[in-house]
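**Q** Listed here are the chains, written in short residue letters.
Number of protein chains: 4
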Amino acid sequence: MVSFENDYNTGAHPEVLRRLLETNLEPQTGYGADKWCASAAEKIRLACQSPEADVEFSAGGTQTNAVVISSLLRDWEGVIAVETGHVAAHEAGAIEYTGHKVLTLPQHEGKLAPSELEAFLTAFYADANREHMVWPGMVYLSHPTEFGTLYSKAELAAIRAICLRYGLKLYLDGARLACGLLCASAELTLPDLAELCDVFYIGGTKCGALCGEAVVFPRHGRPAHFTNTVKKRGALLAKGRLLGVQFDALFTDGLYFRIGKHESDMAEKLKALFKERGIPLWLDSPTNQQFVELEDGKIEKLKEKVAFSFWEKTDETHTVIRFVTGWSTTEEDLATLAAALDELK
Amino acid sequence: MVSFENDYNTGAHPEVLRRLLETNLEPQTGYGADKWCASAAEKIRLACQSPEADVEFSAGGTQTNAVVISSLLRDWEGVIAVETGHVAAHEAGAIEYTGHKVLTLPQHEGKLAPSELEAFLTAFYADANREHMVWPGMVYLSHPTEFGTLYSKAELAAIRAICLRYGLKLYLDGARLACGLLCASAELTLPDLAELCDVFYIGGTKCGALCGEAVVFPRHGRPAHFTNTVKKRGALLAKGRLLGVQFDALFTDGLYFRIGKHESDMAEKLKALFKERGIPLWLDSPTNQQFVELEDGKIEKLKEKVAFSFWEKTDETHTVIRFVTGWSTTEEDLATLAAALDELK
Amino acid sequence: MVSFENDYNTGAHPEVLRRLLETNLEPQTGYGADKWCASAAEKIRLACQSPEADVEFSAGGTQTNAVVISSLLRDWEGVIAVETGHVAAHEAGAIEYTGHKVLTLPQHEGKLAPSELEAFLTAFYADANREHMVWPGMVYLSHPTEFGTLYSKAELAAIRAICLRYGLKLYLDGARLACGLLCASAELTLPDLAELCDVFYIGGTKCGALCGEAVVFPRHGRPAHFTNTVKKRGALLAKGRLLGVQFDALFTDGLYFRIGKHESDMAEKLKALFKERGIPLWLDSPTNQQFVELEDGKIEKLKEKVAFSFWEKTDETHTVIRFVTGWSTTEEDLATLAAALDELK
Amino acid sequence: MVSFENDYNTGAHPEVLRRLLETNLEPQTGYGADKWCASAAEKIRLACQSPEADVEFSAGGTQTNAVVISSLLRDWEGVIAVETGHVAAHEAGAIEYTGHKVLTLPQHEGKLAPSELEAFLTAFYADANREHMVWPGMVYLSHPTEFGTLYSKAELAAIRAICLRYGLKLYLDGARLACGLLCASAELTLPDLAELCDVFYIGGTKCGALCGEAVVFPRHGRPAHFTNTVKKRGALLAKGRLLGVQFDALFTDGLYFRIGKHESDMAEKLKALFKERGIPLWLDSPTNQQFVELEDGKIEKLKEKVAFSFWEKTDETHTVIRFVTGWSTTEEDLATLAAALDELK
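Residue numbers (our numbering), protein chains in the order written: chain X, 1 to 345; chain C, 1001 to 1345; chain A, 2001 to 2345; chain B, 3001 to 3345.
Looking at chain X on its own, in the form it has when it is part of the complex (with noise of 0.2 Å):
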């Protein structure tokens, strides 16, 4: 069956196994400090023009949020993000897991406003009582956001100015980034990033990945000890190789963002498809993941020939579904739905 249920749901990129297989048997010492984690985190580097960046690698999203969260909040400190943050959401708690809370904030198709977060850091500020409670040390955003949104240049340099102003660090969720960056209404690049973040990580696992993320932290921005930081929390792969290379290929020849074009060309057809048969986008996000809204007679029918996932009931006959393009989806993916949406008629 034909499938448009998420971004992970295949292996790797074949480039990026052709890596893996080549450089096997080469001896290799462990715990990231072999030569093609190295080698990825120069080239990461020079795709982000940030000389100075640190790069280090993570095998997953949740842990690479938990691990850079704890490790940049002070103890009174805790995480501010839209209630439908990854980080808010859906992590089962993995940040207060390390002592820290997230403070939410409304959203707005999973985007924070920067008016709000300026709204609640002055409130904060005037609360009398703020030494019972919990300081906000840190912005989280993620981007693509978890509904496909993306920042323009002038609200993520708002939330910048904000962050700077208040003493906060700004943190940027890049999970499905190759596609948030080459989509038609991109504004921000890898080098905005490194310089309007206090730290980032570009997203493997769904972006062609068989795992792994790559945290930046422009300007030397590295906690001390990080070695020891990612151990103490069971992220240190033994064979950090595996993230090393992977990332190494991603960033040789553009393949990274290769595949973001990819997945946004897909995006594109996919919407098209769904609006030349009359199907309203429920909301319109310009990157991988897609919504519509349809009838649960006819999604019943859809999902014998057709994988995607549920978002949300809208009322009692209709749900919102979720379809993601990948680096793996293909002509003859999008063919197949489309026969399949004709079929629904």
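Careful: at least some of the hints might be erroneous.
[To be verified] Computed list of lysine-lysine pairs in DSS-like fashion (alpha-carbon distance at most 25 Å, straight line):
{"no.": "1", "chain 1": "A", "residue 1": "Lys2035", "chain 2": "B", "residue 2": "Lys3303"}
{"no.": "2", "chain 1": "C", "residue 1": "Lys1305", "chain 2": "X", "residue 2": "Lys303"}
{"no.": "3", "chain 1": "B", "residue 1": "Lys3035", "chain 2": "A", "residue 2": "Lys2305"}
{"no.": "4", "chain 1": "C", "residue 1": "Lys1035", "chain 2": "X", "residue 2": "Lys305"}
{"no.": "5", "chain 1": "B", "residue 1": "Lys3305", "chain 2": "A", "residue 2": "Lys2035"}
{"no.": "6", "chain 1": "C", "residue 1": "Lys1305", "chain 2": "X", "residue 2": "Lys35"}
{"no.": "7", "chain 1": "X", "residue 1": "Lys35", "chain 2": "C", "residue 2": "Lys1303"}
{"no.": "8", "chain 1": "A", "residue 1": "Lys2305", "chain 2": "A", "residue 2": "Lys2269"}
{"no.": "9", "chain 1": "B", "residue 1": "Lys3035", "chain 2": "A", "residue 2": "Lys2303"}
No lab work stands behind these hints: they were computed from the structure.
Note that the structure is predicted; figures quoted are calculated from it, not measured.
With the hints as your guide, set chains C, A and B onto chain X.
**A** Just chains C, A and B now, with coordinates in the frame of chain X:
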């Protein structure tokens, strides 16, 4: 340069890689709910002759230890380990990070003495202050130990009996289990472990996988909501298939055992090679970690041609060094080492 | 200066102090195993008509909340509270420090709406992603709430019924319970709380004690090894008698209820005093916290003679301020306040 | 029955209680911002000859240890203590609950040997695996120790010098400091502690207070946002005055030192009383904890008339028991004990 530095310095066994390639394009559900995790779990249940076992997969050893120990201990309990146990010495405080103490006992070539365990427990339960102390809730063993040594079946049964008497869980860390099962003097089998332990893990990272460990909870012993627990600790991989496919390969056609046999055979040849040259073994390890004591001058010379790891200084001019065989160790590697040793005379 | 700043700004009720003096030289076992803790527990069981209740003593409110919540939640669970609930807003992240999330719902004058609780739970159990989310394991209520309001018996019974249906524990924070039990519109009694809650605490600190809260676990509901749990969280006093003697005094000859009645009577007079002067109450609190909105200029003048606390700005020129009565509030205090208010005109 | 069970089995010194009564009706700001906390802090600074010291108050010893240690250690660090140190042995894992390991070294009558500390640190910094280990970040000492013994000035200076050399903080637990400062062989003074330690606490609970310890951070060494840190750990008392008033009393007219002198004088008489009867002291403690070994039969008889505590069995028929003097120990208590001992012959 030929390397005996450790058993995680090359990639994965070719059969493991081949299976990753073959399954790469199959759409699979994420987070460990894929068919390969199910298939691997079933093969492991068969190998353990434990049809009621729950089997889960995790990315690395410290992560596995932290997840298993913290999910099984109750609030007031700690885990007993020997002072050289991995959880006590080399996990950067990962167990304490979960809020639980590691209670240490003396080690004997890396092993826990049943009599000392019993004496500790007797003293604990006789102590009037025990409500102000950490209660022993689990025994952690590594097998092979950090010194390459093995428990006999009688020893493990004795520890099990003590655990049952005092209501402790028994957990066995099998990071290097393949070799521990297949070396000449091995007594304990997978079915034995399933019978005697409450939980144990079958190491993949150091036994031919790119990453991954298989946690076995005999007798449906998996803690409730385990996926949630794993997620909360940042240890859930989106592409859980990566672990499932690898363990499915390792438990197809006896690959895991063949790897263990190979590591063991290579280790025996390694031992012979030292003995033939009059280089005494520091201790009599039956598995793939071998320790020899050499003069520092010779070590300096040797390391120009061979990679190994330092263990400890024994006096001003001597040091114990460690040689490890792995799935990728070859006869040629041994020959190169032999030649290098011959040059030391 | 006369103070209505809060209900913990003076020491202990004279009868409490007298009992501390009388018992001062008696040798008593430490850590809560003394005869006064036992006696106080028995008197509390009687007052609750709950012979099977376990009663424990703790030094302060946040400590009690952290100990109770973290010892009753399971690994994968969080606690539900309204967004203004003390555990959500004013405990500096103490609950998250124990590794558990506070799941927030809207507040209605400080109260949780049963219908919103039910809707939240229904949505949670319908969510396919719930293994990636924090499970609701407990409901936290404060009674009186942070706004001085009270739950009716029907409301608490409705919440209890929902908790039973979904397997949640019900916990009630009674930091200001004395007044909450004795004010004119109070419906809920100690026996009601013992019947409807899984655990609640009877506040001492804000109800006439130097420090201390009494935690009641009806139906032998105390977690196993509770002394150990308390000790592990740094919350076990060596001279546990300090808490036992005080609660024994508070539950002798109805002192606790007399204090609650006094606080309530003083609050009613306080309300009358504002109403007589045409100063509107910001909300209708039936207990010892009263809120009024005043022009900022008047507030500046008033605070020269009377201590109170700031609550929140309502517009550019107005602010809500809070007045609290306590065990030590006198008719003279009220007369002084009345005179100061008269001068504002 | 006369009791030598411990030094926290009676209430507070009468002068402490008198001050609580005198100040009872004064309105004071909560959470430690009252005038008595300020006054007590100032008196402690004077007694320590440390005008730049920050002084904070906490309710109990384990709480103080957990707050101080966890707020000063960095993420990757643990605290060094001897194996019988209170934080290592008798706090139910309170330090580990904050996510930090206690690194244990051997004890010598409860004391840490500077040479063993240095050897441990030398080995740690020579260990190539130290990024996989817990880094030593602090040394914890108790003074008097759990065996009643004291550090000499030279010993503490030697430990301080090692700490400076290796960048470790030095923390001294003075739960029984009053007696430790005033006994015959005492060398260390409060100004010495302020000079040599990074933080220490002056015990109140075991030295005449109802509860409370005063934490001294010389050289403005208090961690940032300490109130928040304390609140987050559930350790902030609403009526902070309870601690302020008591310590103000203890540091008025030398009361704290008078209590220490009394405990010490009583302990000397206690020792004499055993010696006169040929009962050997198990070790030579200079402070208020005294240990003697007796036949089990005699212990059974003695405990009918005198309360004391069991320490450890030494052989089948003998046990070490502990006698402790406190602020409330009288000459009559000693006479009663003497008579009871005479009856054992």
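**Q** With reference to the structure, classify each hint as holding or not holding.
**A** Here's how the hints hold up against the structure:
{"no.": "1", "hint": "A:Lys2035 / B:Lys3303", "result": "holds (19 Å)"}
{"no.": "2", "hint": "C:Lys1305 / X:Lys303", "result": "violated (60 Å)"}
{"no.": "3", "hint": "B:Lys3035 / A:Lys2305", "result": "holds (19 Å)"}
{"no.": "4", "hint": "C:Lys1035 / X:Lys305", "result": "holds (19 Å)"}
{"no.": "5", "hint": "B:Lys3305 / A:Lys2035", "result": "holds (19 Å)"}
{"no.": "6", "hint": "C:Lys1305 / X:Lys35", "result": "holds (19 Å)"}
{"no.": "7", "hint": "X:Lys35 / C:Lys1303", "result": "holds (19 Å)"}
{"no.": "8", "hint": "A:Lys2305 / A:Lys2269", "result": "holds (19 Å)"}
{"no.": "9", "hint": "B:Lys3035 / A:Lys2303", "result": "holds (19 Å)"}
The structure does not agree with numbered hint 2 stated previously, though it agrees with all others.
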